[in-house]
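Kindly produce the complete structure, drawing on both the sequences and the hints.
Residue numbers (our numbering), protein chains in the order written: chain A, 1 to 329; chain B, 1 to 329; chain C, 1 to 329; chain D, 1 to 329.
Because the hints were derived from the structure by calculation, they are not lab data.
Same chains, same label: a pair holds when it works inside one copy or across any pair of copies.
Derived lysine-lysine pairs resembling DSSO-like cross-links, with alpha carbons at most 27 Å apart:
1. K255 to K288
2. K163 to K319
3. K162 to K245
4. K204 to K245
5. K255 to K245
6. K288 to K13
7. K93 to K110
8. K163 to K13
9. K204 to K162
10. K288 to K110
Protein chains: 4
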Amino acid sequence: MNIGIIGIGRIGKIHLINCLSHFRQVNVTAVMNPSLGGQEFARSLGVTSASADAREILENPDIDAVLICSATDSHAEYVEAAARAGKAIFCEKPLDLSLDRVRRTLDIVKEYRVPLMLAFNQRFDPNFADVRQRIQSGMIGDIRSLHIISRDPGPPPISYIKKSGGMLMDMTIHDFDMARFQMDCEVTQVFAQGSSVVSPAIAKAGDIDFATVMLTFENGATALIENCREAAYGYDQRLEVFGSKGMIRTENPLKTTNSFSGNEGTLHARNLGFFMDRYAESYRLELKAFFDALQNNERMPATGDDGLKAMEIAAAAHKSIQENRPIML
Amino acid sequence: MNIGIIGIGRIGKIHLINCLSHFRQVNVTAVMNPSLGGQEFARSLGVTSASADAREILENPDIDAVLICSATDSHAEYVEAAARAGKAIFCEKPLDLSLDRVRRTLDIVKEYRVPLMLAFNQRFDPNFADVRQRIQSGMIGDIRSLHIISRDPGPPPISYIKKSGGMLMDMTIHDFDMARFQMDCEVTQVFAQGSSVVSPAIAKAGDIDFATVMLTFENGATALIENCREAAYGYDQRLEVFGSKGMIRTENPLKTTNSFSGNEGTLHARNLGFFMDRYAESYRLELKAFFDALQNNERMPATGDDGLKAMEIAAAAHKSIQENRPIML
Amino acid sequence: MNIGIIGIGRIGKIHLINCLSHFRQVNVTAVMNPSLGGQEFARSLGVTSASADAREILENPDIDAVLICSATDSHAEYVEAAARAGKAIFCEKPLDLSLDRVRRTLDIVKEYRVPLMLAFNQRFDPNFADVRQRIQSGMIGDIRSLHIISRDPGPPPISYIKKSGGMLMDMTIHDFDMARFQMDCEVTQVFAQGSSVVSPAIAKAGDIDFATVMLTFENGATALIENCREAAYGYDQRLEVFGSKGMIRTENPLKTTNSFSGNEGTLHARNLGFFMDRYAESYRLELKAFFDALQNNERMPATGDDGLKAMEIAAAAHKSIQENRPIML
Amino acid sequence: MNIGIIGIGRIGKIHLINCLSHFRQVNVTAVMNPSLGGQEFARSLGVTSASADAREILENPDIDAVLICSATDSHAEYVEAAARAGKAIFCEKPLDLSLDRVRRTLDIVKEYRVPLMLAFNQRFDPNFADVRQRIQSGMIGDIRSLHIISRDPGPPPISYIKKSGGMLMDMTIHDFDMARFQMDCEVTQVFAQGSSVVSPAIAKAGDIDFATVMLTFENGATALIENCREAAYGYDQRLEVFGSKGMIRTENPLKTTNSFSGNEGTLHARNLGFFMDRYAESYRLELKAFFDALQNNERMPATGDDGLKAMEIAAAAHKSIQENRPIML
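In structure tokens, the structure reads:
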């Protein structure tokens, strides 16, 4: 399988290295990056064709699939172009910050009948994937509730905040997708509260940095989500599902399994640093899932519609905060 | 200090035994119980005066304080009588199921200026008390959120449900009080969802058996509470506070500290059985707090007003579920 | 059942309170204590007969059983007197520091055919008792090894050390008994190393404060024991059994179930303070076992022979350290 | 840096992949493997020079360093040849099963003054490395004891056992090295017990499958080691160090951080499968340490002498079991 990668930034580099190290049936035929840095990075790893022109990928008939890892505001455009070129598509989330544009882009993808996977990498985290598998096996019976706590170690720069679409669309969206993924059904109502408790600069930029959300699902279950842009003790990503037959909890992976017992008590290690460490394996496994689905001609394990649904929940949560009332979906 | 105990049922017996075993400065002068069983239980422990007539306690000038452990619908009446008799009062919660009656009773208590402690025993659980102490010490900085999960091992009989005032007033009320206790400020808004997922008989009796509540507090923080009348894995009482400087979590005490590692993984023991085990120490410590406050002439650590506030939150939560909207307080 | 208690010191007080609080079928008829303090303590709890003369207990025909909680060097004498008086006997360990005297005392107990329980309280700790029950159930298959770590929070006063019979006879003896209790068979060989790492004063008094012991058992399994008179992080009492089908581990009970996550990692509470807290329940349960065995006319769950065997292991360990070689039993 | 790899078996493949994926400053110039399989594996990864003749590596003047991953009985020969050829050497343990041969080989390495690193990979495990770092920092004060439990999930084939040099030389040797690594001083006495409890076939082959060892160190501290060729619950590699200021414990990494709470209690995941998973990162980090030491011209972090010392301890342990007495070193 020949692939091209559009965008060799932070996440594009991860995918490139994973392709080279772990998927030897996959050949990285060409990469595109607007600036020289990304091109040179790819060349140093033996990718001979590296340019600033995406057409060298999109118009190359040998290339079967495209990984789109460029800036968010170019995702929709490249997805549409790749669809028109008949390529299978793996795209970083979100497709676009505008719901309308996302719907239009998905229409085009459907028209050209190309496979599209949206990179909800947390679905492929071995812990979270194991939770879903156990739920599906009936181990906890009927789901009654889901709790997700998701806290970043610290806020991103204000420049990032301003282009992010807001915390709900940028950060909580992972939890909205995770909740749908675990519940395996749709949200019917959203109630949310949001505030700025971390940084006045974020409030000044018109965004929130703390949110709590209560989602009601078709199956009658409730999901309680808390999000914060900062946690003094580091990256915190936990999930807990409670059902009629039991409960499953996911704890944070730690830096080491060591503890020190001293006068104050017993001290365990900090959580793994941030998403690059915490989700390293999920980045590899989501690519594997993409390549496997392509090879076996199976349904993509995270689709454009999944992205759309999560965005709709985020939009409803935003409205709920604005109007201080539950929003139906 | 001479005390009388009104009501020698399940909880009255616990208090009686604790008085005899742990508070030797306290003399149980008389007990009252409507039926013979409770009277005989007290006599077998050496309490000579045991009758079915509360006046033997209320009219005995030697008795300084009264523990009211009778049926809920008699609490207000006994509290009022004890106030009029000038006794210090320790009363099981709730004072009454009617907010109006509670307000009237508290007015009488104030009129007669007797000390009244309402038995929110969970405040005295060493784990939860330690959490509050750490919050007050500034250890976690400004509180951002509080998560409480409270699940019973199984539902009570329908006969109990019918007289309970409903799950919010009977069970969640502990969590409303706990949230106020930890936050150390008042609730401004309540949003709740409730359903019946455990037992159709509970639904038929007009009650819910599962609820999720989002409380907003004066300090800007949010509390997320989940309650269920049943948990397949046993009694579950957890709390987690997140602040600007860190997080405190309370896990469930277990039956043993043993684990078994076998082919399936490592199995740890079940949680302690139910509130009689889980909160055994809190029952002793709340009595100690009552006696200490009396002796030192200090403010009671849980007052009638605390009971009233928790009931007002429960009433607002009920209304929120009925009208599917947030309710201001 | 009428009982007398000889010796109202630290441990005698615990037994007295437990008798009064938890065993209402048991009547504490009389207590003996050489000094007034213990006598007054007993009187304040309603024990009317309290004197400095043990004959008031031993010659009272109404008394069925005697708890011997006096100084170690009087145990053998009182046990022999109680045996001659036909009383059932519960005696704190050890019977005596001299193996010869212990054997003579046990001969007298056998001659008079009175029941004798030796107070190896750790056998009745719910965690350790649960371990044994699981081993007996076959859960871990054939035992391969047992690891015991037993560390005190700090050393006792030198005056205590000097009368203690040495660390092996005073402290490690609990672990020798625990190993026999779990293995359910006898030790065939002892190899030990001992040193003084905690306190030069202990070395000067001719004792060790740190020891490691390797025991070989009849069933082919090995026990590894470590003992230290001091641990900077507090009282540490752990046990781990490994068998052909799995492993059971006992962790230390902690002061609270709370943890604090901050910049350094996650800090859990210290272990329970010392044996008075850690083994509080075992003191109650060993008395229950004694009274139950008496009432049901059953074999005592910890016998004088158990005490003798543990002392023989301690003596062999001492010899092993002296001669730096394994000692057969 | 140009390197050659001699032996592309299980461990050689791991090193080859790590070189290609993680050490891009390192160029794998040539590999040698006696059979075609390993050669083809290397070619598929882009290594052009792959043959059955080690001279193509040893006589290639461009090659700076050699990784020796061939069968154990060829290690000494290749190390000597590489030393004579002036190459830096990274060699899998052991250098040889004969202490004499190891000493002769080390003499030759010293004569030719080439750097030699012996692959004690567990030293580079992030957990164990962190333990050492903390010990060195003084965090636990003076070491009093070290406990190592090391149990394999299941025994290797008898064919492997027969060529292994015996369990002490093949498996426990890792723990002897780990104990020296953590203690940072030498062993003075060894006492060991060994038996066959797992497999009669292993006993028939003249080997043991279970051992307990008590090591005494120059610093006065004791190490207690337990080894077993089988554990029903999977691979178990734990370490615990106790010092005057506290204790450090290393727990096993688990397959997931998930737990399931149900009727039986709370079940946590199994340990990571076997050394390939458990020590995956240590294989990468030991290579990094080798390349770093070469580049910075520093002392190798695990030397031939370290291998020799560990073998001497293993030989003493063997003798101790044979003669049932402590052996001085």
